[in-house]
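Colleague: Listed below, chain by chain, are the residues.
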Amino acid sequence: SQQGEEDPQALSIQEGENATMNCSYKTSINNLQWYRQNSGRGLVHLILIRSNEREKHSGRLRVTLDTSKKSSSLLITASRAADTASYFCATAQYNTNAGKSTFGDGTTLTVKP
Amino acid sequence: DGGITQSPKYLFRKEGQNVTLSCEQNLNHDAMYWYRQDPGQGLRLIYYSQIVNDFQKGDIAEGYSVSREKKESFPLTVTSAQKNPTAFYLCASSMTGFGNQPQHFGDGTRLSIL
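Protein chains in written order, with my numbering: chain A, -2 to 110; chain B, 32 to 145.
It should be emphasised that the hints constitute simulated quantities derived from the structure, not laboratory data.
Note that this is a predicted model, so its numbers are computed, not measured.
Accuracy of the hints is not assured; some may be wrong.
Residues from chain B shown here face chain A by an in silico Cβ test under 8 angstroms; the list is partial [claimed, not checked]: (1) Q72; (2) G73; (3) L74; (4) L76; (5) Y79; (6) L121; (7) P133; (8) Q134; (9) F136; (10) D138; (11) G139; (12) S143.
The beta carbon of each residue, even a glycine, is placed where N, CA and C say it ideally should be.
Could you put together the complete structure from these sequences and hints?
Modeller: Set out below in structure tokens:
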């Protein structure tokens, strides 16, 4: 079963606005990662947040993690048309299947110029 | 420039045919992964390898096979037993295979049935 689920499935905003995407998961995690995928390309790693961290920043990206609610959010500030892509969360657990990350179905972000 | 190279970019399979997708990395990473992505969906893990000469099945391994004879290479064979192979296939690598490392992805191979 899918560990991470993104919400919303699709998001359309104007350039300059902020975009917020959410990820919920079911079981305890070691860390959570966010990736970006442009159409027809591979995924690009954006940011990793560990289970003992609550917030992390990278440029215009801000990620929060709430382990009590089993959820994370990705905020992109001052969006640009070039931010148009799909965004995925991936969770990693330490169990007998160590080494596996589980990806959600993604949020498709469209930023209109 | 370090990275992951997948080839070919597009591949067509005839009925009953096995096809092999290539994945090469020059990042000196121990772990490598194969994912399948269907339209509008996320990634599903086919196989992964944490170290040379070792690999494990992922969530959807049936109809696929892999080998890991060299650290740099992790080819995926889509066999004739895979009845619905049309998808976008992504290869990735990470420094170690312990789920706490960012994965680096290639640009994928799009496989279709003729």
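Colleague: Now look at each hint and say whether the structure bears it out.
Modeller: Cross-check of the supplied hints:
1. Residue-level restraint check for Q72(B) holds (minimum Cβ-Cβ distance to chain A is 5 angstroms; threshold 8 angstroms).
2. Interface hint at G73(B): satisfied, since its Cβ lies 4 angstroms from the closest Cβ of chain A, which is below the 8 angstroms cut-off.
3. A cut of 8 angstroms between beta carbons decides the hint on L74(B): the least distance to chain A is about 4 angstroms, and the hint holds.
4. Hint on L76(B) holds. Least Cβ distance to chain A is approximately 6 angstroms, under the 8 angstroms limit.
5. The restraint placing Y79(B) at the interface with chain A holds, with a minimum CB-CB distance near 6 angstroms, inside the 8 angstroms limit.
6. With a cut of 8 angstroms, the hint placing L121(B) at the interface with chain A holds, because the nearest CB-to-CB distance is about 6 angstroms.
7. Contact between P133(B) and chain A, as hinted, is supported at the beta carbon level, the nearest pair being about 4 angstroms apart and thus within 8 angstroms.
8. A hinted interface residue such as Q134(B) counts as satisfied when its beta carbon comes closer than 8 angstroms to some beta carbon of chain A; here the least separation is about 7 angstroms, so the hint holds.
9. Nearest Cβ of chain A to the Cβ of F136(B): about 3 angstroms, under the 8 angstroms cut. The hint holds.
10. For D138(B), the shortest C-beta to C-beta distance to chain A is roughly 5 angstroms, which falls under 8 angstroms, so the interface hint holds.
11. Taking 8 angstroms as the C-beta contact cut-off toward chain A, the hint placing G139(B) at the interface holds, the least distance being around 6 angstroms.
12. Annotation: interface hint on S143(B) violated; nearest CB of chain A at approximately 14 angstroms, more than 8 angstroms.
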